[in-house]
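Student: Protein chains in written order, with the numbering used here: chain A, 1 to 830; chain B, 1001 to 1366.
Source of the hints: derived by calculation from the structure; they are not laboratory data. From a predicted model like this one, the values you see are computed outputs, not experimental measurements. Every residue gets a Cβ at the ideal spot worked out from N, C-alpha and C, and that includes glycine. One or more hints might be untrue.
Claimed, not checked - Here are a few chain B residues that sit away from chain A, every Cβ distance over 12 Å (derived from the structure): (1) R1140; (2) R1150; (3) D1261.
Unchecked claim - Covered stretches of chain A, as calculated for chain B (at least 3 residues, CB under 8 Å): (4) 74-85; (5) 345-357; (6) 544-551.
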Amino acid sequence: MTGTAAVPEPVLLGVRHHGPGSARAVRAALDRCRPTAVLIEGPPEADALIPLATDQHMRPPVALLAHVAGEPGRAAFWPFAEFSPEWVALRWALAHGVPVRFIDLPAAHTLALGVGDEPGRVPGSIPRAGIDPGAGTGTGEGITPGAGDEPRRGPESDAGPEGALGPAGAAHPRTDPLAVLAGAAGYDDPEVWWEDVVEHRRGEGDALAPFEVVAEAMGELRSALGEERDTDAIREAHMRLRLREARREFGGVVAVVCGAWHVPALAERRTVAADRQALKGLPKAKVEIGWVPWTHRRLSRHSGYGAGIASPGWYGHLFRSPDRPVERWMTDVARLLRAEGQPVSSAHVIEAVRLAETLAAMRGRPLAGLAETVDAIRAVMCDGSDVPLALVRDRLVVGDVLGEVPDAAPASPLQRDLDRQRRTLRLKPEAAARDCEFDLRKDTDAARSRLLHRLRLLGVDWGEPLPSRGGLGTFRESWRLCWEPELSVRIAEAGAWGTTVEGAATAKAESLAREAATLAGITGLAERCLLAGLPDALPVVMRALADRAALDSDVGHLAQALPALVRSVRYGDVRRTDTAALAEVAAGLAERVFVGLPAACAGLDTDAATEMRGHVDAVHQAVALLAGTADEPAAVTGPATTPGLRDRWAAVLKVLAERDALPGGIRGRATRLLLDDGRLPHERAARLMGLVLSAGTPPAEAAAWIEGFLGTGGSGGMLLVHDERLLALVDGWLTAVPPDAFTGVLPLLRRTFSAFEPGVRRTLGDRVRRHNTPGPGPDPSPHGAPAGFGPALDPRRAAAVLPTMRLLLGTGPEAVTTEAGPTGTGGEPV
Amino acid sequence: MTVPGIQTDALRPHAEDAFAHELKALAAADDRPRPERWRLSPWAVAMYLLGGTLPDGTVITPKYVGPRRIVEVAVTTLATDRALLLLGVPGTAKTWVSEHLAAAVSGDSTLLVQGTAGTPEEAIRYGWNYARLLAEGPSRDALVPSPVMRAMAEGMTARVEELTRIPADVQDTLITVLSEKTLPVPELGQEVQAVRGFNLIATANDRDRGVNELSSALRRRFNTVVLPLPATAEDEVGIVARRVDQIGRSLDLPATPDGIDEIRRVVTVFRELRDGVTADGRTRLKSPSGTLSTAEAISVVTGGLALAAHFGDGVLRAGDVAAGILGAVVRDPAADRVIWQEYLETVVRERDGWKDFYRACREVAA
Chain A
1 MTGTAAVPEP VLLGVRHHGP GSARAVRAAL DRCRPTAVLI EGPPEADALI
51 PLATDQHMRP PVALLAHVAG EPGRAAFWPF AEFSPEWVAL RWALAHGVPV
101 RFIDLPAAHT LALGVGDEPG RVPGSIPRAG IDPGAGTGTG EGITPGAGDE
151 PRRGPESDAG PEGALGPAGA AHPRTDPLAV LAGAAGYDDP EVWWEDVVEH
201 RRGEGDALAP FEVVAEAMGE LRSALGEERD TDAIREAHMR LRLREARREF
251 GGVVAVVCGA WHVPALAERR TVAADRQALK GLPKAKVEIG WVPWTHRRLS
301 RHSGYGAGIA SPGWYGHLFR SPDRPVERWM TDVARLLRAE GQPVSSAHVI
351 EAVRLAETLA AMRGRPLAGL AETVDAIRAV MCDGSDVPLA LVRDRLVVGD
401 VLGEVPDAAP ASPLQRDLDR QRRTLRLKPE AAARDCEFDL RKDTDAARSR
451 LLHRLRLLGV DWGEPLPSRG GLGTFRESWR LCWEPELSVR IAEAGAWGTT
501 VEGAATAKAE SLAREAATLA GITGLAERCL LAGLPDALPV VMRALADRAA
551 LDSDVGHLAQ ALPALVRSVR YGDVRRTDTA ALAEVAAGLA ERVFVGLPAA
601 CAGLDTDAAT EMRGHVDAVH QAVALLAGTA DEPAAVTGPA TTPGLRDRWA
651 AVLKVLAERD ALPGGIRGRA TRLLLDDGRL PHERAARLMG LVLSAGTPPA
701 EAAAWIEGFL GTGGSGGMLL VHDERLLALV DGWLTAVPPD AFTGVLPLLR
751 RTFSAFEPGV RRTLGDRVRR HNTPGPGPDP SPHGAPAGFG PALDPRRAAA
801 VLPTMRLLLG TGPEAVTTEA GPTGTGGEPV
Chain B
1001 MTVPGIQTDA LRPHAEDAFA HELKALAAAD DRPRPERWRL SPWAVAMYLL
1051 GGTLPDGTVI TPKYVGPRRI VEVAVTTLAT DRALLLLGVP GTAKTWVSEH
1101 LAAAVSGDST LLVQGTAGTP EEAIRYGWNY ARLLAEGPSR DALVPSPVMR
1151 AMAEGMTARV EELTRIPADV QDTLITVLSE KTLPVPELGQ EVQAVRGFNL
1201 IATANDRDRG VNELSSALRR RFNTVVLPLP ATAEDEVGIV ARRVDQIGRS
1251 LDLPATPDGI DEIRRVVTVF RELRDGVTAD GRTRLKSPSG TLSTAEAISV
1301 VTGGLALAAH FGDGVLRAGD VAAGILGAVV RDPAADRVIW QEYLETVVRE
1351 RDGWKDFYRA CREVAA
């Protein structure tokens, strides 16, 4: 090296990313050696963004996000938690007025490289679990832009300690360095080993000593494990160059905070020329970079991106608590459990601490770690049960912390993605409300509709759907667009969900599905996913839906959920999206309703029975729709299940209609539905009605039956007009109701009959009068037709409808003539 | 109570006798610190239960097959002065674990109180030898100590089986023992203080509702460890098959060569309903109110075997177990029946090769 003589050696602080012990040690080391500059492993493009770290509105966890300009899907993340050593170093330097630089390979190269390395990677595609392709140990995260919204594990990835943690490490041909060290120390789990020797140490002694030990161990490992990967070599060359530059510029002691794995490489002496050579000819991409808010959940491994730290909440606690971490932790847990109604006393806390410490001693660990505390909490505070423990894991071990980024931070990639789409779709953000109508058969309009639906899922209510003006058409959608300034804030908030509108909406929908409280909420969500064109979110939503349906024992909930679900199936059908999975779930849901309905109808009071009657109607329609969809040859649903769906529903209705113990309204409705479907002969319906309306049934029950049978929509009146027998039964029953009971049933009957159209009511009245006063008027029964009707079809009058029918159906004249005959008769009674 | 000396022809020898050589080898190899009056260190106790090989080549057989964590927490609890409560459905080896823990820690697993609805206070505190009481008046000699009292005096591990079956007022006599570590004898104006090394292991069944729940005052004195059901279906099929075989032989039922498939089916049904999810993990199910423990699966299969042997063709078929399963699953006639029907319609009907079972169940349920 050139100027070594004058400049003291740099302080190399090798850390494990997101290690609270490392963070503490870094702070102590910086306090001690008072460097003239701090260099941090991270993308140099972010140097300009560093001052924002002290902004009062900046609250970790946050992440630096770099993505290729115009392609937010190709992105890389460097997350920082409060307890990340890098974050601590950053804050320390800013607080002490010491210059800070990021020294890793520029994101421009890493992003370009990542794409080059992996021809198969489609920008914006779903990120693979592993994070860095090369990952695992040794590689920088930088290298592999995790695609899409999947945050990678971030800077840490480096080899160091953390590399070891990710599953990616397994894929990598090289052994996990941490595992080697841990194995040498007699540990099965490398993470536990690292915690014991580094993270759980609390600082006495020389602040720099631990770093020397770690550096030495890493040096041994690097020589034992052989050559590093190319990408590592390139990154380290770059770091060395930047380090040299900084030492020349600032003089004095320069501190470097980087993954422990890189420390030996930075200490190595290589010529500038060799390092320059290594960096020559790297591909470059235009990159945009910014701060985005992050969450503990995304830091944690639970989020499904395969790498990260398992317990950010616990680490945060270790970092924050000045002393007695286990005692403080147990107190927090007790407080949480108490708030949730679990009886936990201080005595419990004491015992839990003792058990955790004894366990740690038995397992030979210096301090009770997460595993010991969790075991102790389960045995002492949770009565051995995992249920309250799950709460502890979720709220404390992982934690609900949500980061914040100041408004001054540059626009988020999500915002840029939205801007880009807005331009393509020619949708201007205007403050004034504007109504527009989309024809979903056109690509642009369909894309606009999808964008608005996605934004709504993200809580950005730019557009508000209006009831369609065109009536029932499935191809039209009406929206009211109105851009309000606070929507920008919402978009910034939504940035934590992903970098593209689609990715973020998918992530949000999946999270909503997991948290949804009611079954109907999830079916609604499924519908929204279809509208928003988020096929990737559907499997998760469907799974949540199936799970909840299976566990929900309230048939009412199931019946409520079914119609929306069936609508989704229909809708997807119209749009030719693949809804096979949806149809399967819907069929399963229907099946559960069938099984549970008869039992659920028993023992209901009047209000509940009325509500249940509504459910029966809704399920009836849904089943008809569902069976209709499934019958189409295109549908993929299992042939074994669907043909019988209607039949099985009819069987359920029969049970409902004939079981005496059920409320009258429901029995009546079931009878009517069967009758309308032609599954119940008229004689049988009449017999059922006769039974109900005979003296043995309390009048109120009979009136409820009539209400159920004749329906509240008024369609039942026509039935009475046409069926002499039914009318006679009603009439006979009504006249036989005892006077004191009559006042009781009157309101019900009035409600039922007043819903009929006036014409129908008049006809009914006429016929009842005629029926009761035999003599005048034409004899009702010479030709078997009811009074007021001709003996047979009147072709002349029936033909008058045909032109209108043709118009309605849009068919040729021949098609109509064959069909109009039979259908026309019912429609022309007067 | 206990007869001193080892009976070699005992039908079932105590754990400390049956595994005496393992305990001896462990004690010899064990160089870690032992709590006072413990025969082994906590580490060696855990090894005794979980199995392993000692440096001198002695193989320690595993006594408990299950998560290591559970054994570690249990042993650690005994090393503190908190009592240990083992919870679990029947057939999860609670008694077995408690016996072996006592044998390894104190070398004596016989200080046992069997909990029943009729367990009196004397079984936990002390009774009197009335002949002596009348002849000599109240004295220490006329007092008959309970196993708990002996364990306290000698610093041993006492065991209480089926704690939740003991009437609540009798249960609560344990509170003084566990918190004050003393047992007063007011008749003599004396007390028996527990010496170091004393602790108590209780077992209880956590699925039987309606028995005597522990008062929270008592519950607080225990660290609770829940023993899980067999982790995999294969484990459970193995357990059921082995037990059925033993029972079948003692009932002189003919051996059934093809029964294993039917056993697997019964175990699958039980596990799926118990766990509330199908074996492939794709469909959630409701769980019925019954325990559906391994023990019940065993009795369903045994009953099916008897049916097949006496009224069928000697081969265990779907029809032979269907009625038994229905009886085990449908405990609450209203809610459980719906759950069972849902299961039949949404899971069983669609499953390949289960047609016969579906039909048999439909027939029984009708």
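Student: Tell me the numbers of any earlier hints that the structure contravenes, in ascending order.
Tutor: Hint check: 4 fails alone, others pass.
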